[in-house]
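Q: Since the structure of chain A is provided, determine the placement of chain B on it from the hints.
Chains as they are written, first to last, in the numbering used here: chain A, 37 to 696; chain B, 37 to 696.
Any given hint could be a false lead.
Copies of the same chain are indistinguishable here, so a pair counts whether it falls within one copy or spans any two.
Here are the simulated DSS-like pairs of lysine-lysine, each with C-alpha atoms no more than 30 Å apart in a straight line [unchecked claim]:
hint, residue 1, residue 2
1, 406, 209
2, 690, 209
3, 406, 528
4, 567, 694
Keep in mind the hints are simulated off the structure, nothing from the lab. Quantities reported herein were computed from a predicted structural model and do not represent experimental measurements.
2 protein chains.
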Amino acid sequence: MHTLTKQPTSFLDAITGPAELKQMSVEDLQKLAGEIRQEIVSSLSRTGGHLASNLGVVEITLALHRVFNTPKDQILWDVGHQAYVHKMLTGRRHKFGTLRQFKGLSGFVTPVESEHDAFVAGHSSTSVSLAVGMAIARDHLKLDHKVIAVIGDGGLTGGMALEAINHLGHIQKNVLIVLNDNEMSISENTGGLALYMKRIKETFFYRDIKEKLDSIEGSLDKVQLTAGIWDMILEVKKQAKERFDTPGIVFEKLGINYSGPIDGHDVSAVIKAFESVKDNSAPQIVHLITCKGKGYQPAEDDSIKYHGVPAFSLEPQLSEKVDASAPKPKAKTYSDIFTQALIDVAKDEPNLVAITPATAEGSGLVKFGKAYPERFFDVAICEQHAVTMAAGMAKAGLKPVVSIYSTFLQRAMDQVIHDVAILNLPVVFGVDRGGLVEDGETHQGVFDIAFLRSVPNFTVLAPKDAAELRDMVFTAVKESKGPVAIRFPRDKAIGATADGDANGSHSSKPRLIDPTKWEILSGEKSNNGQKPPVVLAFGAMVDVSRQALELIESEVKPVLVNARSAKPLDVNLLNELLRDGHDTFITVEEGCLSGGFGAAVLEWMSTAGLEISNTMPRVLPIAIPDQFVEHGARAILLDLNGLSKEKIAQRITKIITKRT
Amino acid sequence: MHTLTKQPTSFLDAITGPAELKQMSVEDLQKLAGEIRQEIVSSLSRTGGHLASNLGVVEITLALHRVFNTPKDQILWDVGHQAYVHKMLTGRRHKFGTLRQFKGLSGFVTPVESEHDAFVAGHSSTSVSLAVGMAIARDHLKLDHKVIAVIGDGGLTGGMALEAINHLGHIQKNVLIVLNDNEMSISENTGGLALYMKRIKETFFYRDIKEKLDSIEGSLDKVQLTAGIWDMILEVKKQAKERFDTPGIVFEKLGINYSGPIDGHDVSAVIKAFESVKDNSAPQIVHLITCKGKGYQPAEDDSIKYHGVPAFSLEPQLSEKVDASAPKPKAKTYSDIFTQALIDVAKDEPNLVAITPATAEGSGLVKFGKAYPERFFDVAICEQHAVTMAAGMAKAGLKPVVSIYSTFLQRAMDQVIHDVAILNLPVVFGVDRGGLVEDGETHQGVFDIAFLRSVPNFTVLAPKDAAELRDMVFTAVKESKGPVAIRFPRDKAIGATADGDANGSHSSKPRLIDPTKWEILSGEKSNNGQKPPVVLAFGAMVDVSRQALELIESEVKPVLVNARSAKPLDVNLLNELLRDGHDTFITVEEGCLSGGFGAAVLEWMSTAGLEISNTMPRVLPIAIPDQFVEHGARAILLDLNGLSKEKIAQRITKIITKRT
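So here's chain A without its partners, still in its complex pose:
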């Protein structure tokens, strides 16, 4: 490992805002680009963050701020994680040391942070819709600024981006779409559109025919033709070229003017491209080809690895090859355990297939893809398609498993209801990043329990540790007759060790379990006199609750239950607890309070439970309050939302004290 010698950043130091860029020469902008790259690599080596995508848009960002005027002109950054350069140029350079840290700079764009951020972004494919809405508003309010959507080729695979382009082609509003084409979303890009754009770059279209026309021309040279005929031949060539050589014929046919492809790292060419279309009143797409990780060789070589990076040791030099240092074994995450379980169960389940909407890397599923390439489907950023395709697969006899982040599952709620649940199809959902994540408001996986629980036919599970996740995957694939969601957090898996096998722990062998049967983990059901309160903990909160109970200094020892199924509830156990005289239940979940697991217990207590105990048992839900949760380390966010062991202990202590 090396340390980067601090290079001078005299150009960057002189930038206080986008205005300075207007005066700079192209040569100086190029030097500035170099300084920015260095600053990004150096800064992210300390904080972590989205490296490769930001290195890819340095020149595009410089050109945007050179040609357009934010905040008057509105730039909508799709996804928003590639806006670091934009942030540096709009007064936030000095905050980069706090990137993605609690109360620090957000990893995405947000108007809360700067007036130069026209909107919030975190999920993909929203920018064109936002731009269309803002352009309509601009025209309605008789303003005259420019609205610009910067979208990647990955974002363009998302259905809503295509909806928006289709609509824009119809209403012909003045919107500039900057297509940042690096042939890659988080994972490799998928789809006919991706192939098509690849072919654009190979100028597939016109080449043959042009060669043949040239050849005809050559032959005709030898014979006597009237001037009129020559004019006509030239006209044909021109028209053919104009009409069919347009690499962006698909966009043109949808009503969007196209220019490109242009080298997105040639700052002069990009500036020219923007200048030449900036006064257009019709919708325009400028197609720029970029290289993710540009200028930092390790990231150029493996842009997937460097998509989002934790703080990393700095490689010696920009553009300089380095030996990859031997990777240290890392503690297994729940994502790892999930994938390994799938790989293992796939051995004797030949009809198991795995589906991911462009999150093969983050979810670890890329490993499944290597083990079973023919049973692995990365459908690009298409959550809706992923879920309905899985429904079709299940109906036709396969055993589909959809690996999807909780926050992205929000994109496919209708498909979950309409295509999976109505026919009660056995689709298994691995709901990754269920709970709080460091990325902030846009990525919190807090709604899945409430959403999925309200859908008939669903089983909603969450494991307490690695071994249980493995058992749940095994059981769901083997035995489920309807849809099953298994949610787990973005964290190291409890019970899995860095050097352990991928099973989560050495001893864990997958078992068929009844995941709808809850387990009493500790505490005695009966106390002398008054019955102790019962803590019903769901998923990742089981272990935190266990630790919380250890902190409590009280003679009352609450009963701790691993409530591994939020739907159905284990009503037999609840019945039993009520009949034994327990009258206080504390639910703990890493999800929104509204409608979550706690609400499920409340609903049951208010009807069936009431029948048994004749008075309404007390149910005290501990969950994430009704607010969006900012970015920062998961441990901080859990504490902030009352879900650290200390906060849970305080809360339970208060309940016990009040009660006695």
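A: Just chain B now, kept in the frame of chain A:
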């Protein structure tokens, strides 16, 4: 009004299943098509149903069943409401008298009804995803049937259909897409794709260039050219034609083979088209041009009106013009009231804009579009785009109102969270068809309360009657600082009369109200001794609960509250009621029990409420149980789910009896 003379249906009578079609001559198929049309018109005049779309697909359906073999071959009908002909040909003709009636034939496709229905459908744009999934399954299982998606040009505007086509182009599975292009979804179609397909039909592409090439050829005739040059010229023409004359160049570029456009009412041409591609192993789209309402003049003339029809008096003859009889005034629906309120408030709110995802007719919003065409945006079947576009509009200073059916809002839940709620933008959602609808499982609007309530920053309202809906719209547009959802059922608006003005009632003037303040409508807060139970009714259930209370013969007179806001709750009133000693609350809502309004009250009672009363108050939610609700008249479905006045009265009586 005339009655149709019963025409002989000898061909149709002979059909017991698709097999018979294989033997018939084209002439006989044409006669059969006529008989089917007559039967559809005649049958729907009694039961109501989707008329125009079914008349449009008679020949396509005949050709599909002639060329392919269901149930082995799998036909995925997008939306599914155009599958009546398919149903007639697959053994369900005799059940048409029960169409869309309780326990009768479904208005959509469903495998529960027939093995010839390969999947359930009700929402648009799912068929290609299902087909891709089923084709993958077929190949994996080494089967050899055909998978066919029948999708309309409207369905093709939906983002998920575009996602699926994009993916299909990439993986090159054997899927046949039958594009039924009638230039119309429920409302007029929107989008660059629609314009593009229009241009396809005008053979815009190759015409000019071909004329010019012909002209050059003509001139060259006069000069001496070698044979080789002529060959070359012909080759150029051929290649140009092959490559650029393809009307489906957009599809071709995405990797889907294209053939068409073909007259979709020429049964012989359609059969030929299917025959010629049925053995292709690559993805194929066949583009058929059809006329909605074909063969029934009133429906051809106004296919929007005849999209879905209630039982209607039969016009005299197929293909014969009739005078439109004077329309009778109909009782205003909540949709009518909502639209009229928007029109009225738009007068002095110049920045109000209205958005609909292809439901302008059903939602009544077409009237707004006529009053304010420049402030009206029908974005086609693009719920995701609609919501995010509205977010962009709100951010940029407009006051967007999204009119959307509850069931279709499911398509845009991520956009609601990520694009509207995080920035707390003042977007008003008119959530139409909130509650039970006659269409069945796919269309029940029962999840919106639970979903929206869990999203931070949202206000979730439901009016008890027409005047209150009007007030809510007025107030939300004028005063809301964040997102507001106003949900109402598909029904006649209470308080609106057939001959009343569109305000809902003669006396109603829109008022600014505090919709988060609940109203006590009847009952006395304090009783002698024990306090009476409090009925907290939400939206359409207020009036049903009022009627229910009238049925109850008890000395205990429950308090009836119009709980018009499910979020936020009126905690002041709840506080007051608890302090007064009320300890039993009954919530009534037309939404799912899980996480709904009742759960909201439970959640509050379990924490804040408990603080006040020291024992957990009893909350008994009356809501739709955890199951999908079949089709049938709303009144029947309400009763079936415990939400008729009789069932509510029974439930409340039981609670009162048990308590005393």
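Q: Compare the structure with each hint and give your call.
A: Right, here's what the structure says about each hint:
Taking identical chains as interchangeable, the C-alpha atoms of residue 406 and residue 209 lie at most 30 Å apart only when they sit on different chains, with a minimum of 21 Å there against 45 Å within one chain. When the C-alpha separation of residue 690 and residue 209 is checked against a cutoff of 30 Å, the pair qualifies neither within a copy, at 59 Å, nor between copies, at 61 Å. For the homomeric pair residue 406 and residue 528, the shortest alpha-carbon distance inside one copy (23 Å) is at most 30 Å, but the shortest distance between copies (58 Å) is not. Taking identical chains as interchangeable, the C-alpha atoms of residue 567 and residue 694 lie at most 30 Å apart whether they share a chain (14 Å) or sit on different chains (26 Å).
Violation of the numbered hints given earlier is confined to hint 2; every other hint is satisfied by the structure.
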